[in-house]
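The listed protein sequences derive, respectively, from chains A and B. Just so it is clear: in the first sequence, position 117 is 117 by our numbering, and no numbers are missing. Just so it is clear: in the second sequence, position 150 is 150 by our numbering, and no numbers are missing.
Simulated from the structure, these hints should not be mistaken for lab results. These figures come from a predicted structure and were not determined experimentally. Where hints are given, some of them may not hold.
Copies of the same chain look alike in the list, so a pair counts if it fits in one copy or across any two.
[To be verified] Simulated pairs of lysine to aspartate or glutamate, EDC-like, Cα-Cα distance not exceeding 20 Å:
id, residue 1, residue 2
1, 66, 7
2, 66, 93
3, 136, 340
4, 66, 14
5, 66, 20
6, 133, 32
7, 136, 198
8, 66, 2
9, 133, 14
10, 133, 288
11, 66, 3
12, 66, 10
13, 66, 90
Protein chains: 2
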Amino acid sequence: MDERVREHAEVLVDWSARVEPGDDVVVSVAEDAHELGVAVAEALGERGATVTTLYGSAEVSRAYLKGAEAGADGDGDSDGDGVDGDGVPDFDDDPAVDRAIFEAADAYLRIGGGRNTTASADVSSATRQAYAKARKDVREARMDTDWVSTVHPTRSLAQQAGMAYEEYRDFVYDAVLRDWEELAAEMSEMKAVLDAGEEVRLVTERDGAPDTDVTMSIAGRTAVNSAASVAYDSHNLPSGEVFTAPYDTAGEAFFDVPMTIDATRVRDVHLVFEGGEVVDFAAETGEDALAGVLDTDPGARRLGELGIGMNRGIDRFTDSILFDEKMGDTVHMAVGRAYDACLPEGESGNDSAVHVDMITDVSERSRMEVDGEVVQRDGTFRWEEGFEG
Amino acid sequence: MDERVREHAEVLVDWSARVEPGDDVVVSVAEDAHELGVAVAEALGERGATVTTLYGSAEVSRAYLKGAEAGADGDGDSDGDGVDGDGVPDFDDDPAVDRAIFEAADAYLRIGGGRNTTASADVSSATRQAYAKARKDVREARMDTDWVSTVHPTRSLAQQAGMAYEEYRDFVYDAVLRDWEELAAEMSEMKAVLDAGEEVRLVTERDGAPDTDVTMSIAGRTAVNSAASVAYDSHNLPSGEVFTAPYDTAGEAFFDVPMTIDATRVRDVHLVFEGGEVVDFAAETGEDALAGVLDTDPGARRLGELGIGMNRGIDRFTDSILFDEKMGDTVHMAVGRAYDACLPEGESGNDSAVHVDMITDVSERSRMEVDGEVVQRDGTFRWEEGFEG
Numbered sequence: 001m002d003e004r005v006r007e008h009a010e011v012l013v014d015w016s017a018r019v020e021p022g023d024d025v026v027v028s029v030a031e032d033a034h035e036l037g038v039a040v041a042e043a044l045g046e047r048g049a050t051v052t053t054l055y056g057s058a059e060v061s062r063a064y065l066k067g068a069e070a071g072a073d074g075d076g077d078s079d080g081d082g083v084d085g086d087g088v089p090d091f092d093d094d095p096a097v098d099r100a101i102f103e104a105a106d107a108y109l110r111i112g113g114g115r116n117t118t119a120s121a122d123v124s125s126a127t128r129q130a131y132a133k134a135r136k137d138v139r140e141a142r143m144d145t146d147w148v149s150t151v152h153p154t155r156s157l158a159q160q161a162g163m164a165y166e167e168y169r170d171f172v173y174d175a176v177l178r179d180w181e182e183l184a185a186e187m188s189e190m191k192a193v194l195d196a197g198e199e200v201r202l203v204t205e206r207d208g209a210p211d212t213d214v215t216m217s218i219a220g221r222t223a224v225n226s227a228a229s230v231a232y233d234s235h236n237l238p239s240g241e242v243f244t245a246p247y248d249t250a251g252e253a254f255f256d257v258p259m260t261i262d263a264t265r266v267r268d269v270h271l272v273f274e275g276g277e278v279v280d281f282a283a284e285t286g287e288d289a290l291a292g293v294l295d296t297d298p299g300a301r302r303l304g305e306l307g308i309g310m311n312r313g314i315d316r317f318t319d320s321i322l323f324d325e326k327m328g329d330t331v332h333m334a335v336g337r338a339y340d341a342c343l344p345e346g347e348s349g350n351d352s353a354v355h356v357d358m359i360t361d362v363s364e365r366s367r368m369e370v371d372g373e374v375v376q377r378d379g380t381f382r383w384e385e386g387f388e389g
Numbered sequence: 001m002d003e004r005v006r007e008h009a010e011v012l013v014d015w016s017a018r019v020e021p022g023d024d025v026v027v028s029v030a031e032d033a034h035e036l037g038v039a040v041a042e043a044l045g046e047r048g049a050t051v052t053t054l055y056g057s058a059e060v061s062r063a064y065l066k067g068a069e070a071g072a073d074g075d076g077d078s079d080g081d082g083v084d085g086d087g088v089p090d091f092d093d094d095p096a097v098d099r100a101i102f103e104a105a106d107a108y109l110r111i112g113g114g115r116n117t118t119a120s121a122d123v124s125s126a127t128r129q130a131y132a133k134a135r136k137d138v139r140e141a142r143m144d145t146d147w148v149s150t151v152h153p154t155r156s157l158a159q160q161a162g163m164a165y166e167e168y169r170d171f172v173y174d175a176v177l178r179d180w181e182e183l184a185a186e187m188s189e190m191k192a193v194l195d196a197g198e199e200v201r202l203v204t205e206r207d208g209a210p211d212t213d214v215t216m217s218i219a220g221r222t223a224v225n226s227a228a229s230v231a232y233d234s235h236n237l238p239s240g241e242v243f244t245a246p247y248d249t250a251g252e253a254f255f256d257v258p259m260t261i262d263a264t265r266v267r268d269v270h271l272v273f274e275g276g277e278v279v280d281f282a283a284e285t286g287e288d289a290l291a292g293v294l295d296t297d298p299g300a301r302r303l304g305e306l307g308i309g310m311n312r313g314i315d316r317f318t319d320s321i322l323f324d325e326k327m328g329d330t331v332h333m334a335v336g337r338a339y340d341a342c343l344p345e346g347e348s349g350n351d352s353a354v355h356v357d358m359i360t361d362v363s364e365r366s367r368m369e370v371d372g373e374v375v376q377r378d379g380t381f382r383w384e385e386g387f388e389g
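In isolation and in its complexed conformation, chain A is listed as follows (with noise of 0.2 Å):
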């Protein structure tokens, strides 16, 4: 086994999960992720865990949800949606065996790594939705354990990277392998900034594309130094951001990074805000998309997300949100739902079915201020060696 395997599991288990002896420990393996689980169950019987495996198939899932489309023909209106027929199927929404196992649970780890991200692409959205749906209990249990979401790197995702696979694994460990209690010191750096500051910034100049230049207000909220902990409210490995919650946005903002919603490609895209809210928006591609997720609810056109990359580890864009909006150089807006640790202690912010990250590169000519003062100019933040206020 590559010596990176065992020490991604144990980063996983020792610095993301907190795992302590005498922990029930739920690891869900993707279809190809089975080293990677090979290597968990391994630490985690060393720390005196206790461990239970889900199979986390893709192909599985598909083939479920697929042949309740086929029990649901002709049910009559089982889902109670006043259509008979209509092919959704009436999925029990008090799933018991996993409403219990999550309830039972301390932690959760998630390895993804399945042989084909596109699995379920013929499973109707109506269908997601009402199993979604019935789901809720569960997904809010999961959510309540310490859970960290990971991939162990496949073929399939090396080829949705665009990468060889070596290319590809070298790629996920030098964003895992990590100091991450360094990185962690360096982005509460930027989380000190953004908690005393009261109106962000950003400006981007670029040729032959749209400029940037949009404000937006973090008063009274609160940053999340997303440093791949549950420590640290941080439930992705790799992360390596530090995020908040704004409101009050306007201008207009540019996002170069492509990106797909719902199996679209989605490039350039660039939204116009006034009074905090979209007024006005347009992708070079896949527009329609883009209209759908807006379209969602009157809480999609808000912004829900500001988020900083830092990992550094991170050198490319590889279509996969676990690693883009992490990466160096980077910054991301999600329209949508904002995290509850970044508000007021019950207070709630920007509520949305959606929260959906788009991403802008701002290694060049780009400028980031709070409260008018740089923070990040073409990259570099204040505290980095070559920063030109």
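On the provided structure of chain A, position chain B as indicated by the hints.
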């Protein structure tokens, strides 16, 4: 997908487990059993059941146990056996998640089919036993569900059987895809004979091998018509045997079908019974492993089972008890634990920590008598064409 995979899934879900709409079904998928896992998930979706998928990986289990052994080194006498640093892990005897899973489940479908039948060969038996002991409650909760154990044909199982992969696939589907209703009807004749009978005598005569001439009492015992369905108290797919719990065994029995006990190959076992107990024994190879079984506890020297194989879809031995003991033209006896289903309500049969099946070929020069009347001669039953009483 091979159509036989789908048919296997349908037999498992409908005939074996009798899954109903709304059932909470747990499916365990071994490393190379993905394809059958997909087909089973589709069938469960179609039936309106809810599904949870476990990853039944022998390599993950082995890694966990080896990790626990490493973690137990020098942990003091944590398992309370008076030996410090003996390397035997002290497993949590309340594995909350696994217990919750089986307490909430209606049915449990275990799909075997790994990549290496000796994947756990280097885990010490002390560690295995400690783990099994800590999981007694989980095992009991699991046995309280409608559980069924089957296998997906894999290359590893083909190798264990000494067969080519395609040849082994044909073998498995011939055994599994039967007219179970018809076989259950035929087996009910054998069950009726055993239920009404008081004494069974088995006689075989072979050149160059010890003769079998053994009698046992079955008065008051109930035979199980093991027709591969929970509706028949039968939990294996394939099945196809009728078994009961004999006592007061006397005489000699010779078992010519090779078997594997604790990874040791055992051949040509000869047992001598007096007053219900094994008083002498021999084996051509593996006699030490046989001795280890018989010395486990007092019950290990008494029979717990007499079984008559009646699945003629199984036409050869494959070193897998799931198949071997159900083969037509075979009879098996197990030393050790008896099944409750064979005993009068409230009565406990032979008690033992072991249950080891041994098989004898009855296709030639053999006869089985019940109360002095021949029921099977040279493999042919009384109700079959060509039977010579």
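Against the structure, the hints:
1. 66 / 7: between (38 Å within a copy, 17 Å between copies)
2. 66 / 93: within (18 Å within a copy, 39 Å between copies)
3. 136 / 340: For residue 136 and residue 340, only the intra-copy Cα distance (17 Å) is at most 20 Å; the inter-copy one is 41 Å.
4. 66 / 14: between (38 Å within a copy, 18 Å between copies)
5. 66 / 20: Between copies, since 18 Å is at most 20 Å while 40 Å is not.
6. 133 / 32: Intra 28 Å, inter 32 Å, cutoff 20 Å: neither.
7. 136 / 198: neither (35 Å within a copy, 58 Å between copies)
8. 66 / 2: The answer is between: 18 Å across copies meets 20 Å, while 37 Å in one copy does not.
9. 133 / 14: Neither way: residue 133 and residue 14 sit 33 Å apart in one copy and 28 Å across, limit 20 Å.
10. 133 / 288: Neither way: residue 133 and residue 288 sit 24 Å apart in one copy and 59 Å across, limit 20 Å.
11. 66 / 3: between (39 Å within a copy, 17 Å between copies)
12. 66 / 10: between (37 Å within a copy, 16 Å between copies)
13. 66 / 90: within (13 Å within a copy, 44 Å between copies)
Of the numbered hints given earlier, the model fails hints 6, 7, 9 and 10; all others are met.
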